[in-house]
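One letter stands for each residue in the lines below.
Protein chains: 2
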Amino acid sequence: MSLVVQKYGGSSVADAESVKRVARRIVDTRKQGHDVCVVVSAMGDTTDDLIELAEKVSPLPPARELDMLLTAGERISMAVVAMAIAALGQEARSFTGSQAGVITDGVHGKARIIDVTPGRIRAALDEGHIAIVAGFQGVSQDTKDITTLGRGGSDTTAVALAAALEADVCEIYTDVDGIFTADPRIVPSAQQIARITSEEMLEMAASGAKVLHLRCVEYARRFNLPVHVRSSFSHREGTWVTDQPVEGAVVEQPIISGVAHDRSEAKITVVGVPDKPGKAAEIFQVVAAAEINLDMIVQNVSAAVSGLTDISFTLPKTDGQTAMNALNRAQEQIGFESLRYDDQIGKVSLIGAGMRSHPGVSAQMFAALAEAGINIEMISTSEIRLSLVTRAERLDDAVRAIHTAFGLDSADGEAVVYGGTGR
Amino acid sequence: MSLVVQKYGGSSVADAESVKRVARRIVDTRKQGHDVCVVVSAMGDTTDDLIELAEKVSPLPPARELDMLLTAGERISMAVVAMAIAALGQEARSFTGSQAGVITDGVHGKARIIDVTPGRIRAALDEGHIAIVAGFQGVSQDTKDITTLGRGGSDTTAVALAAALEADVCEIYTDVDGIFTADPRIVPSAQQIARITSEEMLEMAASGAKVLHLRCVEYARRFNLPVHVRSSFSHREGTWVTDQPVEGAVVEQPIISGVAHDRSEAKITVVGVPDKPGKAAEIFQVVAAAEINLDMIVQNVSAAVSGLTDISFTLPKTDGQTAMNALNRAQEQIGFESLRYDDQIGKVSLIGAGMRSHPGVSAQMFAALAEAGINIEMISTSEIRLSLVTRAERLDDAVRAIHTAFGLDSADGEAVVYGGTGR
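Just so you know, the protein sequences line up as chains A and B, in that order.
Here full-length UniProt numbering is used: position 20 in the first sequence is 20, and no number is missing along the way.
Here full-length UniProt numbering is used: position 13 in the second sequence is 13, and no number is missing along the way.
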C-alpha cells in the first residue's frame with residue numbers, strides 16, 4: 001500500500017458531471033489499496049467569476065480580501081468532490097488549506113509556502129478516509145490571515161503536501177496527456193515526453209511551458225518527489241517528472257527535451273544610460289524595489305564617443321506599467337535619456353540536459369532560425385537551456401523551425417494529444 | 001463612542017449594487033464615531049445555488065461537507081462587503097465564523113453556539129478597522145470542523161457576537177421596516193411595532209413570525225441586549241426588541257402585541273393508544289429519539305369502553321416523514337392501532353404580555369373565530385401566548401379576524417410597510 005496525492009485542476013472539476021467522473025477515479029485509486037489525498041482547484045470559471053464580482057464593488061480590492069474571496073472557490077469544489085465520493089460509498093473529508101496545515105508567508109495573492117503541518121490530513125488518512133484539500137490557499141504564519149499562492153498554486157499545494165506526507169507519487173491531473181516536446185497547438189507533430197528530469201522541467205516551466213508551474217517543480221525537485229502529469233480524461237500514462245529511472249519509460253535520453261515558448265513578456269529598453277560603474281545596478285535596484293522579477297538582460301556595447309549605453313531587459317507584461325512608472329520616477333537620479341516599452345516580443349527556449357555535452361546546440365539553433373528568416377533580438381543561456389527573443393508574430397515559426405531542426409517531430413507527423421474530450 | 005453590531009441579510013447584499021449601498025451605510029455609521037462590527041449572510045440566492053450543486057453530485061450529501069460548501073456563501077459576501085468599504089476609504093477586515101471565535105457544538109446543519117471568543121474582532125476594532133464577520137457559521141469545539149447554525153443563523157451570529165463584544169446595540173437589517181402586528185401580506189392594516197419585549201418577541205418567533213429567528217431572540221434575552229430590527233432600504237426607525245424603555249417609543253403597552261401565524265407544521269395523530277400510564281411517554285420518547293421538536297400536544301379524553309385514547313401532536317412538516325417512520329417501527333412495542341398524518345393545518349397565535357392581567361383574552365379570541373365560522377382543532381397556551389390550530393385554508397381569515405377583534409388594525413386601514421424597494 002502506498003500514499004498517492006492527486007491534484008485535479010479547474011477543467012477536471014468544471015461541473016457536477018466532471019466532479020462525479022473525478023470522484024470515480026479517486027475511488028478507483030482507493031480501491032486499488034492506496035491511501036489517497038486529493039488537491040482540487042476551483043471549479044471551471046469560478047475564480048474568474050469571483051474576480052469579476054470583486055471588480056464590480058472595488059476598483060482596487062485589498063489583497064487580503066481578494067484572497068478571502070477567491071478561496072471560496074476551492075472550498076466549493078473540495079466539498080462537492082467529497083460529497084460525490086461519499087455518494088460512491090467511500091468516506092471523504094474536505095480540508096481548507098489552513099486546516100491542511102499549509103503555512104505561508106503573508107504576501108497576499110502570491111504567498112509562498114513556509115511549512116506544511118498536515119496532522120489533520122494524516123489523521124483522516126489513518127482513519128481510512130480520503131482527504132480532499134483545497135489547493136491554491138494557505139494561512140499566513142504571522143497574522144493567521146488566509147492567503148493564496150498565485151498562478152499554478154494548486155500544483156504547488158499538491159507537491160508540498162505530497163512531500164510533507166512522504167507520498168510515493170504526486171499525480172497532477174490536467175486536460176492534456178502530459179508534457180510535450182512543444183505546444184501541440186503550434187507544433188502538430190510534437191510528441192509526448194515519457195520522462196523528464198526535474199531540472200529540465202524547471203527550465204521548461206520557467207520558459208513558458210504552461211502544464212506545470214515553476215514553484216511546483218522546484219518543490220518536487222527539492223524533496224525528490226516523483227510527479228506524474230496526466231490527463232483526467234483518459235487512463236493513458238502521462239509524463240513522469242523525476243530524476244529516477246521510470247519503468248517502461250524511454251531509457252535513452254535525447255539531447256533536447258523540448259521547445260518552450262512564452263508570449264507573456266515585454267521588453268523595456270533604458271536608452272542613453274551613462275556608461276559608468278554602478279548605473280546598471282541602480283536601474284535594477286529600482287526595478288527590484290517594485291518587486292518585479294526580471295528575466296533576460298542585455299547591455300549594448302557602449303558608444304565610445306557619447307559615453308552612453310542602452311540596457312534592455314524583459315519582464316512579465318503584467319508588471320510593465322509598474323516598472324515604467326518606477327523607472328520614470330528615477331530618471332533624474334539615474335540620468336538616462338529615455339525609456340522604450342515593447343510588448344510585441346516572444347521568447348522561444350530550447351531545453352535539454354544533453355546540451356551540457358553537445359557544444360553545437362546554439363549554432364544549430366541560430367542556423368535554423370536564420371534559414372527561416374527570423375531575427376534574434378536577445379539571447380540568454382543556462383547550462384541546459386537556450387532562450388531567444390524574437391518578434392511576437394514570428395514566434396510560432398521559430399518554435400516550429402527549432403522543433404524540426406532538433407529532430408523532435410514525431411514520425412507520423414501528428415501528435416496524439418489531449419484526452420478523451422475532443423479538446 | 002459606542003459599539004454597534006449590524007447584520008445584513010441576503011436580500012440586502014443580493015448583488016454588487018446592494019453591496020455598495022450597504023457599504024455606504026456601514027461607513028456612515030463608522031463616521032458617526034461608532035465602532036462597527038458587521039455580520040453578513042450569503043448574497044441573494046447563493047445558498048440555494050450551492051444546495052442545488054450539492055444535490056447534483058449526491059442524493060444525500062454528508063452534513064459535514066454540506067456545511068463546508070454552504071459556508072463559502074458568507075465567505076464571498078463578507079469579502080466583497082469589505083472590499084466595497086475599502087473602496088470608500090475605510091479600513092475593513094473580514095473574518096470567517098471560525099476566525100471570529102464562534103465556537104459551536106458538532107451538530108452539522110444546526111449547530112448551537114457554545115462560546116464566542118472574539119479576540120481577533122476586538123483587535124481589529126481596536127485598530128480602527130471595521131470588522132466584517134461571516135454569519136451562519138462556526139467551528140466545532142471538539143473536531144474543529146466547520147459548522148452552520150441552521151435557519152436564521154446569521155441573526156444568531158450577530159446577537160452572540162454583540163453580546164460577547166458587549167455592544168450597545170445589535171441592528172438586524174432586513175427588507176422590511178420592522179416587526180408588525182401581523183404579516184402585512186395577510187393583514188394590510190397591520191401596524192409596525194415600535195417596541196416589543198424580548199419575551200413577547202420570543203413567543204412571536206416561536207409562533208412563526210419570520211423576521212427574527214427564535215435562537216437569536218433567546219440569545220438577546222439572555223444577555224439583555226437591545227436588538228433593533230430595521231430596513232436596509234430606508235432610514236426609518238424600526239422595531240426595538242428590548243426590555244428597557246426606548247426613547248421615542250410608545251409608552252403605553254397594549255395588551256396584545258401581535259398575531260403570528262405558521263404554515264410550516266403538520267399534525268400526527270396516534271390512534272388507539274392503550275390508556276395506561278406511561279404510554280404517552282413512550283410515544284414522545286420515540287419522537288425525541290429521532291431528534292424532532294414537538295410543538296402542540298393534545299390527548300383525547302379516553303373512551304371508557306375501549307380503554308383506548310388518541311394522541312395528536314404538531315411538528316415541523318420537514319420532520320414529518322422521520323417521525324412517521326420512527327413511530328411505525330415502534331407500533332408493536334407501544335401497541336397503538338394506527339397513525340394519521342395531516343399537513344393541511346395552520347397555526348395562529350396571539351401574543352401579548354398584557355394577557356397575564358386580562359383573563360378575558362381567550363374568550364374574546366374564540367368568539368372572533370366563531371363569528372368568522374372557523375373551527376378550532378387544537379389549543380395551547382403560555383402565560384403570554386394563545387395558539388390555535390385551524391384548517392390551513394382558513395388560516396388567513398383567522399389571522400385577520402383576530403387582528404381586528406383585538407383592535408390592532410391601523411386607523412387608516414393600510415399599513416405603511418416594506419422599505420424603499422417597492423417590494
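There may be inaccurate statements among the hints.
Which copy is meant is left open, so a pair is good if it fits within one copy or across any two.
[Claimed, not checked] No farther apart than 30 Å at their CA atoms in a straight line, the calculated lysine-lysine pairs in the DSS-like style are these: (1) K144 x K31; (2) K110 x K31; (3) K144 x K110; (4) K210 x K276; (5) K56 x K276; (6) K56 x K31.
Derived by calculation from the structure, the hints in this document are not laboratory data.
Violated constraints from the hint list, given by number and in increasing order: 2, 4 and 5
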